[in-house]
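Quick mapping for you: the protein sequence lines, in order, are chains A and B.
If you count the first sequence from 1, you need to add 918 to reach this note's numbering.
If you count the second sequence from 1, you need to add 1274 to reach this note's numbering.
Bear in mind the hints are in silico, worked out from the structure with no lab data behind them.
Be careful, since some hints might not be right.
[Unchecked claim] List time: in silico DSSO-like cross-link candidates among lysine-lysine, alpha-carbon distance up to 30 Å: (1) K1362/B with K1317/B; (2) K1061/A with K1529/B; (3) K1069/A with K1573/B; (4) K994/A with K1097/A; (5) K1125/A with K1033/A; (6) K1409/B with K1529/B; (7) K1409/B with K1362/B; (8) K1529/B with K1317/B; (9) K1303/B with K1069/A; (10) K1033/A with K1048/A; (11) K1362/B with K1303/B; (12) K1529/B with K1125/A; (13) K1069/A with K1033/A; (14) K1061/A with K1573/B; (15) K1069/A with K1048/A.
[To be verified] Cβ-to-Cβ under 8 Å is the rule here; a few derived chain B residues that face chain A: (16) G1353; (17) S1465; (18) H1490; (19) R1496; (20) R1550.
It should be emphasised that the depicted structure is a prediction, and the values quoted were computed from it without experimental measurement.
All C-beta atoms in this analysis are idealised placements derived from N, C-alpha and C, irrespective of residue type, glycine included.
Here are the chains, one letter per residue:
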Amino acid sequence: MTENSVPVLSVQNLRVSFDTQDGTVHAVDGVSFDAYAGETICIVGESGSGKSVMASSIMRLNNSSTATTEGRILVKGLDVLSASEEEVRGIRGSEVAMIFQDPMSALNPYFTVGKQIAEAYVVHHPGASKHEIHDVVLAMMIKVGIPSPEKRIDEYPHQFSGGMRQRIVIAIALINNPKILIADEPTTALDVTVQAQILDLMMSLQKEFGMTIILITHDLGVVAEVAQDVIVMYAGHIVEQSHVDALFHAPTHPYSWGLLGSVASYGDNKRGGLLTISGSPPSLISLPVGCSFHPRCAHSKGEGSVCMTDSPSLRSVGSDGSRSACHLADDVLVSVGRRGFRS
Amino acid sequence: MSSEIALQAVDLVKHFPTGSKGILGRPDKNVRAVDGVSFTLRKGKTLGIVGESGCGKSTLARVVTRLIEPTSGNVLLDGVDITKTSGKDLRRLRRQMQMIFQDPVSSLNPRHSVGQIIEMPLRVQGLLDEADSIKRVKELMQLVGLNPEHFNRYPHEFSGGQRQRIGIARSLALNPTVIIADEPVSALDVSVQAQILNLLERLQSDLGLSMIFIAHDLSVVRHIADDVAVMYLGKIVEIGPAQDVYSRPAHPYTKALLSAVPIHDPSERGGTGRIRLVGDVPSPIDPPSGCRFRTRCWKATDLCGAIEPPLQADASGRIVACHFPEETPVTIGKSPE
């Protein structure tokens, strides 16, 4: 219980901006959330919503010469953003590991997969013997479901298919038994049958290792499959944080509502006409004043209203423990209703 | 009867030569990208073609439009075989059949204004009347939901969804009867996807278009298609009305594909008996003997390796290429077993 009440990861008021020729891009603009042991949190949002920048901040992977990062990210009590390079290196891989979208570019084409998995292990186990390393790598390859690992340990990335490469990337990420796994669109580059295999694998490994998974995706189907908590991001802000059931049945932010309605559902009758969100996401250089979603929002009260003047903060709404950054969240919840607009 | 058919493909084959012995050797193998595909597109309807990467669906689109030459087979557009025409006749036929591409960035020339891009088909076809062209361009921009005043802007000034609208306007410039859309929404964000899907549906019913819609996203195809063809390794394994294919798939691959689609509601989670295919798609250079799906199929027997199942109607009228078609219907998220 005591262990559960302390978050394994705490992101506090994170701001990341990039200086560009056209102006300052506010990629992440005041994001806070906690993640607890064994939890699966999905972060959803469209391209440019800041989800990947936020994720790479947790590992401090943003280029410090172009990115300005403020706020605190606590992992095991250590503030990743202010820690020394050495301290961060101690956390990368052993406490927090990351897997990326494209398994081809995540692997080095010049080294065998065995060598690449071993490399991650040796960094945190400098004294390990050759024999031990070989055994650990082989065991990991079996765990992530690579057939005939004794043979494949000496093969190169190009000899593997997309799904098998992603398994190798997962093996590298998990070799040091991290507490937190950040997965940035891990199945987006994969076919649907392979995506199902990889999601199953991640979920079973989560059970085995007791990890917290932070999964970044744009696919609400993936969210429905695996998430417990969902964070919806829009233009660098968290606009809603809800339990997955609450999000799908009673979303508290008009953007979440639009996002769910836009998805062509498998069970759809043909030609229903999809709900759409009009327009497109705003420029992160000059965000709209007030709520950054108001130009596209069907609920916005128009000129002079609170939507146009004040930036809404994330607050508790309704009885499901949902948090919403909408001035009109209570109205939205009422108008969308508890009926679950999918039914 | 034939007037109901907009386009018909008969036994289309496209092999790409590959591999060679030595530097000067001739290619001695073929990538069998499309290997004997037949289908009909009904007038005013949408045929969805689904399959995983490498199954040949994009090659099929290019062969059907004759952007690449088929190795063999025929394509009948309104009863005329486009594989046997050339020169002026072919150009005239192409007016009737236009394509929408996946990537709205690379399919638009960055140095041409939107007006130039949209009028290009008219120019190529020699139908351009300078006085009328601006009017026509504005009309088309209006039709696809773009501001007609923006005709002299350049592609980079538009968002992804708007660029895809430009591509759609261009494809409509010649008043085609058949549209072939190759993954038209897969590069777009979901909220923008919905806008484009709604636009395509509206245009289809307003203009009476027949459409071939190629996608890997089964939910999107379910939403837009009247008929669905499922491809695997260069062949159609199942084809039929979308309703039937999705509710009672006959081919094991179709069933597995549908069962791999993520659910759309967390309350459907934990459905038992979901089918998980093992392994990957074999190489189209050296496909398995007999049924091409047998290496991943849980029902495969010796018969499947020996004899290739033809695409034909099974006992209940579903058109499927399988020796042992599925019997049980699929319910979403939860399997019948």
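For each hint, the structure was consulted:
no., hint, in the structure
1, K1362/B with K1317/B, "25 Å, holds"
2, K1061/A with K1529/B, "27 Å, holds"
3, K1069/A with K1573/B, "29 Å, holds"
4, K994/A with K1097/A, "10 Å, holds"
5, K1125/A with K1033/A, "27 Å, holds"
6, K1409/B with K1529/B, "49 Å, violated"
7, K1409/B with K1362/B, "27 Å, holds"
8, K1529/B with K1317/B, "28 Å, holds"
9, K1303/B with K1069/A, "27 Å, holds"
10, K1033/A with K1048/A, "11 Å, holds"
11, K1362/B with K1303/B, "35 Å, violated"
12, K1529/B with K1125/A, "28 Å, holds"
13, K1069/A with K1033/A, "13 Å, holds"
14, K1061/A with K1573/B, "27 Å, holds"
15, K1069/A with K1048/A, "17 Å, holds"
16, G1353, "28 Å, violated"
17, S1465, "4 Å, holds"
18, H1490, "7 Å, holds"
19, R1496, "6 Å, holds"
20, R1550, "6 Å, holds"
Hint violations for this structure: numbers 6, 11, 16, all remaining hints satisfied.
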